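These protein sequence lines map, in sequence, to chains A and B.
If you read the first sequence in my numbering, its first letter stands for residue 54, the second for the next number, and so on.
If you read the second sequence in my numbering, its first letter stands for residue 4, the second for the next number, and so on.
Keep in mind that the hints were calculated from the coordinates and are not lab data.
A hint or two may mislead.
Pairwise CB distance ranges, derived in the manner of DEER restraints [stated by the list, open to error]: (1) A:I277 <-> B:I108: 53 to 61 Å; (2) A:A353 <-> B:D47: 43 to 51 Å; (3) A:F74 <-> B:R154: 25 to 33 Å; (4) B:W385 <-> A:I277: 51 to 59 Å.
Keep in mind the model is a prediction, meaning the values are calculated, not measured.
Built from N, CA and C at the ideal position, the CB exists for glycine as well.
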Amino acid sequence: MRMTPTAIFIGALAILAAVVFVMVFWPYAQRDMTPSEIFRPRTLVEAEGRAIYIANGCVYCHSQSIRTFDWGHGAERIAQAGDYVSDEPILLGSQRTGVDLSQEGGEHPDDWHIAHFINPRYTRPNSIMPPFRWLGLEKINTLTRYIQALGLKQADQRMGRQTYWKKEAIQAYEAGPVYNVKWLAEHVPAGWRHIPNPYPTTAAGLMRGRRVYADFCIGCHGPIGDGMGDAQPWIYPPPLNFTILKDRQISGGILYYQIMNGITGTAMPYFKRELESQKIWEVGNYVAVYFINQSDANTAPHGIDSAWEP
Amino acid sequence: MASSANNDRPNHRTARAFCLTSAFWFAAAASFGMIGAGYLIAPDFMANIGWLHFGKARPMHVNLMLFGFVTPGLLAAAFYYVPKLLRTALYSEKLGVFTAILWNITLPIGVVGLAQGRSQGREYAEWPWSVDMLIVVLFALVIFNLVMTVRRRLEPIIYVSIWYVCAAVILTGTTYCIGNVIWKPSTGALLGIPDAILLWFYGHNVFGLLLTPLGLGVAYYVLPLATRSPLYSHTLSLIGFWSLIVVYTHIGTHHLLQVPVPTWLKTIAIVDSVAMVIPVMVFLINIWYTVQGKLGTIHADIGAKFVFTGTIYYFFVNIQGSMMALPQVQRVTHFNNWVVGHAHIGVLGFAGVVAIGGIYYVLPKITGRPLYSRFLADLQYWLLLIGVTGFAVVLTIVGLIQGNAWLNGETVYRVLPEIHLYYILRASLGVFIISGAYIGLYNIFRTLYFNPGAATACE
Ligand code: HEM
Ligand code: HEM
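For reference, chain B alone in the conformation it holds in the complex (with noise of 0.2 Å):
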């Protein structure tokens, strides 16, 4: 196979680092997000460490998720499955591991920053702007080492995964330039409404054009091979890929549905939100028809079982995504718990979920080695499962509670005994997750050193 570029077979170094980029960073989030879950328990809890309160502990949390464990995770397969589909080798695993340092070193500084209160105040564009310039650096070492791979391909059909690849990472370069404001490193923001217009179009675009296209990517790599199935239909990937693009980036406006912006704008985001059942149905179905009748199979290797978890949540997302963009369901879910919940099952359940799979399914095939611990994988896969889905009906249940009492005239203060309860139940379902981030870091960890499994066929 790899024989092309090299003889030696490919060490992998790149996809390694990845993973245990992405297994330390999940870790790591979800130590704040359970900081930020305690907050609204205890607010006097840690009441005097100024740089972790709940306003500062929040912001690391997510973009921690974002940038330090679903991006790294799903790229981590993506450095495997590229070369890999490609029949060649990694074009520099030199310049790879250069960009995992340089990722590892990225984001303790945006943590500091934001510790220090450098945080420029735009959800989803927080880190202050040096941060942002090494992330642009990073995807722009990604995409320099991706293009050139692809260019030195030995296989002449490109593989949908990749176009998913690819156009990911290209287009949230560009957009994470734009979203971020970076010609303007005093505020990183632009002045009054026109700010929240882009700042939403691009926070929707780490969503859309980050996370989900990678997201798909390592879905069709690892379903159909896990299944030994041929993907059901070129044509509807094709679809897939370019309504995704085509109809993705115009929805930013639907977080702006009670705000100020001009009408026209409403109406195409809410309009594109509703036919945003058109690229992910059609995604759902070539790839459950390719994987039809295979269950057994997906259940009996933990990688895929992931992955095809991922997509079940990715159905839940959107659908519930679609109908939290008709202004009439807004008014009752905006502003509250209700967008958390969706934000959990959309990033941790679909991306993150998948992130954990595609890991999973490439780390024996990089280590030439079974995985440390099946046992222990299932055992993550559970603790993510019910912590994720949990998660769902809690919050959803508070964002019911506090949406509908605030339309009914109940001032904040007065529902949050009301929601009290929930909060303790976030936190303790929190604990599922936390637990599994942990056990999946060593897991990944013990799988990639001191692996005491016998060696079997590498490939």
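Next up, chain A with everything else stripped away, as it sits in the complex (with noise of 0.2 Å):
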């Protein structure tokens, strides 16, 4: 074959258009716009929102885009086609170097991002995601209208959530500690409250517990668990106080349940995904012990001894 510019030029150029035809333009002609049951358009001040996440590239860090086999945030839902038809741009994202976004809507109460973008070292000690102080509490309050609404009816459902709990965890808090520790208490199911921690205290334990409340409670609980961490100015009701919870009744079942579940409505994540059954009994009594200076571990009632124990 003999390659001359016309070769060239028409050859390249027919290919290039028979496969746009069947690979863009024909997928393109058959794209199925229906809207998924999730889905609904979203307000003004969310769709500013979008505009403030795209002109700061948060798409190379967050995907929005769940998968048959995720386990993370988000993962009850699996991506569909209509979940994204007022996208434009879609925000797929092709990095997972923070979590991925599609539901995050109602995970947290408002609270808890503002603190995080002023400096995501504040909820979360160890992230890697940029600090966004100098974005301005405006802008934050509207990029948080976008975050709280990516998930569209599910997330709204979620919000209706946490906006109900929030209300009834601030009345509570502003009833004083007494109330407050009482009206905690009180929600965590009767099975659970009745449970000591099964575990003995050992030194070991106690490190290990040291090392998880470094990595996931510190920002918002404080150094010496006063509840003054760098996230406390941000956060209301703010993160609980835990020497006041001395005599209080406070059961390592309590302690355990709490961190699991966490506590809708306030900034207290829940911590199921993230720590082991183990790693919560240990932050738990680490707790307990440094900061209540209570603690019921290994007391009755108490089943056969774990294997392990010493």
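Combine the two chains into a complex, taking the hints into account.
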């Protein structure tokens, strides 16, 4: 074959045209833009927040694309084409340096996000997300509106829950520490309330608990457990001051349940995804021993001793 | 030789301008890369510089590497070898220099746009609309200059390298317009899932229809000449060329295997990603057989040494790429640093290294003097080689840690402390690459200006 300029130009362009037709135009013509059952249009302020998201390249660290085999954030909802019908551009992302945000709305209340945007290390001590304090509170608020709408109708449902419990939690907090502690404990199912920490306190266990505390809790509850971590100014009701729990019948089971499940409406996140059972018992006991100064570890009722116990 | 068009010998001002453009933006883009790598280690460093945090430094880094370093570098060699192979002069050196100047105006506008947050938010298509338009103009100018040069040729036979350059600029000029949705200036995007399909059709064509053919063009020019060997096979060149265009254009959807796009699109993308073995191996067999037994000669010529090394990385990146397109593999590799490793092997190890090789090969012929410093060029070679190989190893390890941990149900947050060390290693290896970039800039600058070397016979 002799390669003439015509052969090169026309040949190459003809191939390209054919491929564009099949690989781009055809799927475009066949596109199904039926909204999925969770779809709703974004409000103006949410759209504004999305623009901030695009301008700041959040997409380089955050995907919005849940796969069939994901476990983490948002894994309850596998992405469908109909979830994206108002996205222009679509922000699927190609890196998950941070978590998937498809279903981020309502995962946390607003105050958690504000503190997190001011500096992610405040709520997540090991985070490598850049701080966005320089955006200013107004833009951070707008951005938070977008984040809280991620997940669309499912986000709205979760946000409804957050708003309801936020009101309750604030009321309880403002009624004073005695009431607040009682209120917090009352919402732990009865069975859990009466379970002491089944494992004995050991030096090694406390050291491990300390590490978990430093990696997950210190930004809110603070280095001495008084609730005065870096995030405190942004969070309301503020992070719990553990020292007020003394002599208030806070069992190991209550601590375990609260850490596992979080307290919806407050900034207290759930840790059931991040921490295995052992880590939850041990950070709970660390809090009990060092900050509450009162631990029920290894007291009755107590099942059969665990095989590893010294 | 070039007595054809006019009597005085060509001054190659266009090729010179593009060499310098490429060297400069390599250094600049590497600096942004270092900033990005710094953020992943210590996110609070430069905490209050809102226009340069990770989310902004990253697209600056990537786009400047693609459109500032690699593309102009590969074009620099082309602006020299296209007229030379056609036994004519470049249609217009003035137009060429103007193109280079406009190129260097366009990129800073783009960087400022990204700094201000005017990104369009689509990977590889971030430039704001005004910059998109300037890039389309740039491609039009390059196409015009090259096409007119081809028309004025005195050599009837058009060599393989020229097929590749012409196809690269024409096809990219076209896909750039489509992929950036330039008819919609406000968003530069389509709506919903079709946007993702279009974006990755375009995104993969940046590597497949721009960097790859330009790089192969340089390899087809430099390696046979440097070893004084005739090309192994014309038939293989033909097969390689046409199969590249046919197959490469089909595979963009392998970026979307885990996304709700039509299954038939994914199937085509996977099958053709594996079929990429054909154009890749055809090229490599052709070029490696051509230089068979001449590795000593290649070693002696710094330009050819870079280019040959680039072909080895070309082999690796494509084998790796075909693997990554398999759904089972992608379950582990997608969304993590494995892909970033692949990207650096491809864009730096293959396209970037070939671009530098092309520059070093043509510079002495352009200036009529030897390189300012062969030692510095060798040093740069080793710095880049260590850097990119280290990147490949480190980022692949991180990718496997992340991918397997996630697959087992670990959260992203829990894995962060595990990969911290590797981010430090990556930044340390980045120091090798950025040093190579600045050394190259100095060497190329001194070769063009204030070059003390004795003038040799000029071509
Ligand atoms: C046989 C050829 C190739 C195949 C089959 C291939 C395959 C792939 C696949 C499957 C991905 C997506 C990975 C993922 O997101 O999970 C990818 C990404 C990428 N490839 Fe290749 N590749 C090939 C050659 C190349 C070459 C030659 C280059 C560079 C010149 C290159 C540059 C890139 C880049 C930069 C990305 C990252 C895209 C992003 O931002 O997500 N590839 N490749
Ligand atoms: C100074 C040395 C370099 C450093 C420190 C560096 C660092 C980085 C960083 C931090 C990222 C973002 C990765 C992420 O999101 O996790 C990145 C992406 C990228 N870099 Fe570099 N880089 C360097 C050199 C280069 C060179 C020389 C090239 C090409 C010639 C290049 C091409 C790319 C590309 C194409 C991507 C996008 C990858 C993707 O989307 O998957 N880099 N680099």
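Hints, one by one, checked against the model:
{"no.": "1", "hint": "A:I277 <-> B:I108: 53 to 61 Å", "in the structure": "holds (57 Å)"}
{"no.": "2", "hint": "A:A353 <-> B:D47: 43 to 51 Å", "in the structure": "holds (48 Å)"}
{"no.": "3", "hint": "A:F74 <-> B:R154: 25 to 33 Å", "in the structure": "holds (30 Å)"}
{"no.": "4", "hint": "B:W385 <-> A:I277: 51 to 59 Å", "in the structure": "holds (52 Å)"}
Consistency with the previously given hints is maintained throughout, with no hint failing.
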